[in-house]
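Sequences are here, hints too, so could you generate the full structure?
2 protein chains.
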Amino acid sequence: MVIDFIADYYNNIEHYPVLSQVKPGYLRHLLPRSAPLAAEPIEEIIKDIETHIIPGITHWQHPAHFAYFPCTASTAGILGELLTAGLNVVGFSWVASPAATELEAIVMDWLGELLNLPKPFLFSGNGGGVIMGTTCEALLATLVAARDRKLAEIGEGEIGIGKLVVYCSDQTHCAFAKAAKIVGIKQGNVRVVPASKTTSFGLCPDELVRAVRSDRDRGLVPLFLCATVGTTPTAAVDPLLPLCRVAREHDIWVHVDAAYAGAACVCPEFRHVIDGVEGADSFSLNAHKWFLTTLDCCCLWVKDPSALRKSLSTNPEYLRNQASDEGGVIDYKDWQVTLSRRFRCLKLWMVLRSNGVANLRNFLRSHVRMAEAFEKLVAEDARFEIVVPRRFSMVCFRMGDCVVVDDGVANLVNKKLLESINGSGRVFMTHAVAGGIYMLRLAVGATLTEARHVAEAWKVVREQADAMDVEGIVGC
Amino acid sequence: MVIDFIADYYNNIEHYPVLSQVKPGYLRHLLPRSAPLAAEPIEEIIKDIETHIIPGITHWQHPAHFAYFPCTASTAGILGELLTAGLNVVGFSWVASPAATELEAIVMDWLGELLNLPKPFLFSGNGGGVIMGTTCEALLATLVAARDRKLAEIGEGEIGIGKLVVYCSDQTHCAFAKAAKIVGIKQGNVRVVPASKTTSFGLCPDELVRAVRSDRDRGLVPLFLCATVGTTPTAAVDPLLPLCRVAREHDIWVHVDAAYAGAACVCPEFRHVIDGVEGADSFSLNAHKWFLTTLDCCCLWVKDPSALRKSLSTNPEYLRNQASDEGGVIDYKDWQVTLSRRFRCLKLWMVLRSNGVANLRNFLRSHVRMAEAFEKLVAEDARFEIVVPRRFSMVCFRMGDCVVVDDGVANLVNKKLLESINGSGRVFMTHAVAGGIYMLRLAVGATLTEARHVAEAWKVVREQADAMDVEGIVGC
Ligand SMILES: Cc1ncc(COP(=O)(O)O)c(C=O)c1O
Ligand SMILES: Cc1ncc(COP(=O)(O)O)c(C=O)c1O
Chain A
8 MVIDFIADYY NNIEHYPVLS QVKPGYLRHL LPRSAPLAAE PIEEIIKDIE THIIPGITHW
68 QHPAHFAYFP CTASTAGILG ELLTAGLNVV GFSWVASPAA TELEAIVMDW LGELLNLPKP
128 FLFSGNGGGV IMGTTCEALL ATLVAARDRK LAEIGEGEIG IGKLVVYCSD QTHCAFAKAA
188 KIVGIKQGNV RVVPASKTTS FGLCPDELVR AVRSDRDRGL VPLFLCATVG TTPTAAVDPL
248 LPLCRVAREH DIWVHVDAAY AGAACVCPEF RHVIDGVEGA DSFSLNAHKW FLTTLDCCCL
308 WVKDPSALRK SLSTNPEYLR NQASDEGGVI DYKDWQVTLS RRFRCLKLWM VLRSNGVANL
368 RNFLRSHVRM AEAFEKLVAE DARFEIVVPR RFSMVCFRMG DCVVVDDGVA NLVNKKLLES
428 INGSGRVFMT HAVAGGIYML RLAVGATLTE ARHVAEAWKV VREQADAMDV EGIVGC
Chain H
8 MVIDFIADYY NNIEHYPVLS QVKPGYLRHL LPRSAPLAAE PIEEIIKDIE THIIPGITHW
68 QHPAHFAYFP CTASTAGILG ELLTAGLNVV GFSWVASPAA TELEAIVMDW LGELLNLPKP
128 FLFSGNGGGV IMGTTCEALL ATLVAARDRK LAEIGEGEIG IGKLVVYCSD QTHCAFAKAA
188 KIVGIKQGNV RVVPASKTTS FGLCPDELVR AVRSDRDRGL VPLFLCATVG TTPTAAVDPL
248 LPLCRVAREH DIWVHVDAAY AGAACVCPEF RHVIDGVEGA DSFSLNAHKW FLTTLDCCCL
308 WVKDPSALRK SLSTNPEYLR NQASDEGGVI DYKDWQVTLS RRFRCLKLWM VLRSNGVANL
368 RNFLRSHVRM AEAFEKLVAE DARFEIVVPR RFSMVCFRMG DCVVVDDGVA NLVNKKLLES
428 INGSGRVFMT HAVAGGIYML RLAVGATLTE ARHVAEAWKV VREQADAMDV EGIVGC
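Residue numbers (my numbering), protein chains in the order written: chain A, 8 to 483; chain H, 8 to 483.
Think of the hints as simulated: they come from the structure by calculation, not from any bench. Be aware that one or more of the hints could be misleading.
Given that identical chains are not distinguished, each listed pair holds provided it fits within a single copy or across any two copies.
Claimed, not checked - In the PhoX-like style, the derived pairs of lysine-lysine whose C-alpha atoms are separated by at most 20 angstroms in a straight line are: (1) Lys317 - Lys204; (2) Lys193 - Lys317; (3) Lys193 - Lys170; (4) Lys170 - Lys188; (5) Lys193 - Lys126; (6) Lys30 - Lys466; (7) Lys170 - Lys54.
Okay, structure coming up:
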């Protein structure tokens, strides 16, 4: 029944408005005030999902979902998740379910090889991979590892946590500043280097050098750089090669956050975007973003797993066991923030096998081609402009300067435009602001998206632009 | 096909050894060295799961799984998880899927009321609940909130993070010390108060007072107490009423970790174990432990959500939206460590509805009765003793002092006994050490466990005890 429901959901998904049109608080008066004393039939619950829950869903699996970054489901991913729930094992240590640990290590080596990650990131090269829920957790884990390694060097008492400085650009995902805050980095010591349009919003190595030098001059201790491949606002790429060179000189841990774009590196023609990763300490991507694996599945590789273990391992008596004591096994609880962990590698393994690498590559390429097509349509319309060069499957655009004169007004016009586009319910896009410019983002990547949906998206954009009272907005 | 596989799995589960009997590294040579280029049929993958994965599974859903704490699956839980994967929405903010946020708030109020949590923990009383993956994350989130609130009071610069002290007992789950470490509490400032057999391993309020006073005398700043209801080693209960009184006096944030035993509080006759919770700041339980909801599902309630938000909220431009700007909605990303979050409340809602509260209570009671029966069997055998009074559905026992004379030897004997019990593959139990005593833990709670499985577990224990060469062990 549930399988049928899901199958019907996907069959009907194009009939739903992509962005939920409900108002805040819509659900509370539709449901009972408390849990039922007696059991209710599953039919009843499914009916409620249809009538009460579905209208409140923003459909991430809708082929016209172009907002944020994609969060892709697929048959293999969903079935993998179902198996995970069915077996429902807790693989915190090897003994608690050997297959859960061993399959994860194998699949992480598989995927690492596909990405052509340097050998030191793989188990076969004395590094290794681990699956967490989210990039936030990957950032947290690597930051703590780097922090503790540095504090062990410089002494906790003498200089201490208050001197540690972390680096990112103003395009870096907010998850990084949040992780830094959580691990106790002083808020004044999160160095946010501005990235500009001249570098297509990539982090400029010279700026990093300047920041690091200035911090050292003031007696602070550089700790960590979060470089991004495929930033959230514009899918920009920080240049890893020169950034890692700077970092090495100052003994800074480099994490490469490729949450969305990392997946593209399974295609040889995109792999160059992570050239230089051999100089980094850790690398992560979200397989739940653009790799057909349902939420959640963040893949993290590190060169030095012992750094994670030194910070994150626990060994209470009630979890002790012979295999762990003998030391020949991986206990993933010691690689991550949480103890309990789901058998997440099962779905990633199923996605890899049931699609095959060739199809996965074609899938990603098809999204890039659709984005290229959209980019072309935008470029052909004199009212619009491509704000930053398209990267991967994302196009950042706006109604341009032939229509309105200054950025302030343009920003307002484009904000209104986005509102009316999303209000149509026919597509869902979100926005970004970079270099002071408000732009619309079309992120292609939903599993069901086809060329016609992208064409339709452009039609909606044009129609809403046609209908817009630009003069009125400019006047106000 | 996958549903059939899972149904077969549950039909056959009793034929598998509970504890996987594979050796470290068993899987690597059974699987190909890399991901396949071409797609493979799902039948092929399922076959591999049967032949290669299942032997490496330690079956948490096996009715003879009495190890650790239970991690319960159920039909409703599994179907809920399946729906979550099918819809695959990312509910970080209200607008990203209103139903995901609103249902979570409603279900957390439902469950909070069932537990008879004081009104200030519920949305209807200006507090509120949030679902995270694990207790580790709940501890991390509340610790950071408490830390930042305190630092705002005392000043980060002047006194700083290095002066903050957190408190727990030596029975507290290691997740707490790990969370404290992550948020930058000095390792020397994690005060672990020993709990003894005289208080049945509950944390003694007088000891807490002593520790807090001594810290204050040394100029340190008491921050946080993690009290446990149902400790991991022995299911001990820290006395909330007096502990919260002490904490209030010294302005200490109290978190109540009821990861396993919290579920029991839906039964009125067990609710007294959290008497005094009205003096705490936050309370959490793992619905994936003893409440039929598949991994992962940690339910956290706080009295002051704004404390979480002050520490954990982010507001980058690319996530801004009208509903959030207007402030009338919950954006759960601001209540937790991670940004992306699964639609976890769906399964909890389905578990509550499709079982009904009355059945859920009976389910928990049946486990307690089975544990009582086991306790009785142990007590009747002169070779064994109950080490601490049974709590909830957990029995802690050992081969006792009529057999061996001192604790050191007894510990060795019981370790060997546990090894041979688990080596049988017929049941799986784990151990704990408290007050220097090594004991076996029988934690009843797997969904399929019936009285006969507990009787069988006792049979295995007795048989292995009969077969043991105690003299030989004592002699060596
Ligand atoms: C570049 C980048 N990093 C990190 C994140 C946060 O990911 P998560 O929600 O998995 O923590 C995102 C999410 O969109 C992202 O785009
Ligand atoms: C009392 C207690 N607290 C915390 C935990 C850790 O739970 P999680 O794995 O959800 O972080 C456990 C796990 O067994 C526990 O028993």
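Hint check:
1. Taking CA atoms no more than 20 angstroms apart as the test, Lys317 paired with Lys204 passes in neither setting, with 41 angstroms inside one copy and 32 angstroms between copies.
2. Taking the closest pair of Cα atoms, Lys193 and Lys317 come within 20 angstroms of each other only across two copies (15 angstroms); inside a single copy the shortest separation is 23 angstroms, beyond that limit.
3. Taking CA atoms no more than 20 angstroms apart as the test, Lys193 paired with Lys170 passes in both settings, with 8 angstroms inside one copy and 15 angstroms between copies.
4. In the homo-oligomer, the alpha carbons of Lys170 and Lys188 lie at most 20 angstroms apart both inside one protomer (14 angstroms) and across protomers (17 angstroms), since each shortest distance falls under that limit.
5. Taking identical chains as interchangeable, the C-alpha atoms of Lys193 and Lys126 are never at most 20 angstroms apart, the minima being 35 angstroms within one chain and 36 angstroms between chains.
6. For the identical chains of this complex, Lys30 and Lys466 are neighbours neither inside a copy (27 angstroms) nor across copies (59 angstroms), given an alpha-carbon limit of 20 angstroms.
7. Proximity of Lys170 to Lys54 under the C-alpha cut-off of 20 angstroms is found in neither arrangement, the shortest distances being 57 angstroms within a copy and 55 angstroms between copies.
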